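Visitor: Listed below, chain by chain, are the residues.
Protein chains: 2
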Amino acid sequence: MSLKKKPVTGMKDISPREMEIRDYVIQLIKETYGAFGFSSIETPCVEHIENLSSKQGGENEKLIFKILKRGEKLKLDTAETEGDLVDSGLRYDLTVPLSRYYANNANDLPSPFKALQMGNVWRADRPQRGRFRQFMQCDIDILGEPTILAEIELILATSTLVGKLDFEGFTIRINDRKILKAMAKYSGFPEESYDLVFIILDKMDKIGMEGVAAELEKEGFGKECVDRYLELFEGVTNNLAGVRYLKEKLAGVLDEKTAEDMETIIESVEAVKTADFKIVFDPTLVRGMSYYTGPIFEISIDGFGGSVGGGGRYDEMIGKFTGNQTCACGFSIGFERIVMLLLEKDYQIPAKKGKTAFLMEKNMPKEGLLKIFKEAEAERSQGKQVTVAVMKKNKKFQKEQLTAEGYTEIKEYFNR
Amino acid sequence: MSLKKKPVTGMKDISPREMEIRDYVIQLIKETYGAFGFSSIETPCVEHIENLSSKQGGENEKLIFKILKRGEKLKLDTAETEGDLVDSGLRYDLTVPLSRYYANNANDLPSPFKALQMGNVWRADRPQRGRFRQFMQCDIDILGEPTILAEIELILATSTLVGKLDFEGFTIRINDRKILKAMAKYSGFPEESYDLVFIILDKMDKIGMEGVAAELEKEGFGKECVDRYLELFEGVTNNLAGVRYLKEKLAGVLDEKTAEDMETIIESVEAVKTADFKIVFDPTLVRGMSYYTGPIFEISIDGFGGSVGGGGRYDEMIGKFTGNQTCACGFSIGFERIVMLLLEKDYQIPAKKGKTAFLMEKNMPKEGLLKIFKEAEAERSQGKQVTVAVMKKNKKFQKEQLTAEGYTEIKEYFNR
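Chains as they are written, first to last, in this note's numbering: chain A, 1 to 416; chain B, 1 to 416.
Mixed in with the good hints, there may be bad ones.
[What the hints assert, rightly or not] Here are the simulated BS3-like cross-link-like pairs (lysine-lysine), alpha carbons at most 25 angstroms apart as the crow flies:
#1 A/K273 with B/K395
#2 A/K371 with B/K278
#3 A/K320 with B/K5
Think of the hints as simulated: they come from the structure by calculation, not from any bench.
From a predicted model like this one, the values you see are computed outputs, not experimental measurements.
Turn these sequences into a full structure, and let the hints guide you.
Guide: Next up, the structure:
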């Protein structure tokens, strides 16, 4: 019987050209974070359905690919709900597995634990252009480091990585959930409405200061409160001076240590950075996940809308999963976005030692074959990529194909 | 709520130490086959349930992790069988996906197409020591090359790979399904019983020549026929002379080209090989899969029972899947076995440029921090791995831990 040729809905076959880019970026990630002392770990793609449905996964819990029980455990006659049929599912992120991994292996792991995870995740999202139901996530986390050492190392390592990808330039924006909260408190918003205020603030880059003001008032917040809030944003600048301004202005509301830590992070990154990028203090940066507890950051490629990575400190989440309080700080790299950007600009992977194709006439006798294979081996031992192929009738077309595959040299061998 | 800490039954969390080995082997595989002109491809881990149940997967089709339909498509009330509930499953090998990939993308692929696939597969096998329900497969295939060029390149590339892994020595055994069949025909076995004869022959290394004879007779094959068969095996040697002996002996039954090709493969590999290994002609080599149509081979590490890879020519299978006849030859590397062997002998990955840990006293002031990060960056830029950590109360234990993690140098920084 014949196969269904297309991949399942929303997933894709990956071409040699895209794989080349993916492998290159994967290797760069492993190397770069390795240089900063991060260790790779891996967890199974399949997780207990209970762990995936713990309510920490938010909207993603609605998008789980669920796996049917097997053998005697599957009781089709008596099953009443979906829950009776399944015992596991494909992971929708790497955070739940990391928490489980840490709970399962903490005794064997160093503290702090600097973890690099790269792996596929699955979400049964509505398929749309450039968005797939299987995609690679790349998470870098430091567990058990309470100081800003974690933030600084994460930002330095990540900017080193992005710097190697030859984009024109990039920007890291940084804020702190504690600064966000202090600004809201100072302005007089009630604590229970902070999340709503931040959701509106997050639209600043789209609807501007006035838009934010209008939406806040529409939600019923007092004009005085909204004005006080906007005045703060008007007074602040995107640099160290901005941090210092808020430190003074929010005295008594914002812990001084929070502002000083922010200064130290920015100054350290500025002093040590090896790539060409800007680190800016951005008090309007919110990041959606409400589990962040301290500094938050986002990285974007100049001239391209949207972020290619982000993260922050989340000192409470792992404890919620595992029952053991564990401070944590992490960065998530937008692997698929980076690959897409590199493909779009037809990125050429730097400095390979050359690709040669050996074309040999049909029915080459044994002596000729041996000679060809020896010559191929000699080139390979110098680090070149060599493919050996039989000459085709339409040699011109064959050569064009090889050139398109990146073979820069083509050698021909004929029967004597 | 607390998570279930253990991975799902039969799957495992992978430690930093094992990941180091895995990443190293993956990189070596990509590099080595890359040097021979192979391109990486990838397919989704999820496949159409129809493709997984096409009867080409044999026993593996009983071990599928099946995925529940989602949304409106899942009709729990009216479902009568498992088939009504599922639309896809996790792949159990890389062969079905390769066939689908080739059918889907052939127009964009070069011919011949030299493909490297590395990816996880899943089988709901009974869990047992060293065998997992999620494991990595590594398949290398040449599609569309009808000559022994494919066999030679596959064996050369694979032996180059294994040679880089510093085992004491290894052996490649080679045979041809056509020689197997000619030997059975010459001896007078009826064609419909070849598969049974080969299953018994396959036990030669365990039960010896006499054991094979006894089992064949027990199955009711005539003594004359069995004697003739064994006589052939007694006369043959494990080298080129053995191939030539069979070429003469089987004249009229075995196509001369088959024997000559075998000679050319062995001679070419002997002449060009870069690693220290033996290639031996083994007329008792069967390999289980009956889809092989020509040369078959298996690779084993000396002093370790069992193979770490094998393959052969399968000119008919892809056509059965796709409806388009496509000749093919492939090698499957026992990735998990190789990793296990390297872990067991506590393999040290060659030549890294050193790992340094910077330990700094608690509450390091900003100036000190900047100095430390700059020094760390200087070492990283020389290719070293550097981790920065806060000094702990029990510094002795902390240093022991870092040493165990492979940090050979530890520098200490104190507040002034």
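Visitor: All the hints need checking, so say for each whether the structure fits it.
Guide: Now for the hints, and whether the structure bears them out:
1. For the given pair, A/K273 sits about 30 angstroms from B/K395 by alpha-carbon distance, which is inconsistent with the 25 angstroms threshold.
2. Restraint check for A/K371 and B/K278: satisfied, since their Cα atoms lie roughly 21 angstroms apart, inside the 25 angstroms limit.
3. Simply put, A/K320 and B/K5 have alpha-carbon atoms about 13 angstroms apart, close enough for the 25 angstroms limit, and the pair holds.
Checked against the numbered hints above, the structure breaks only hint 1 and satisfies the rest.
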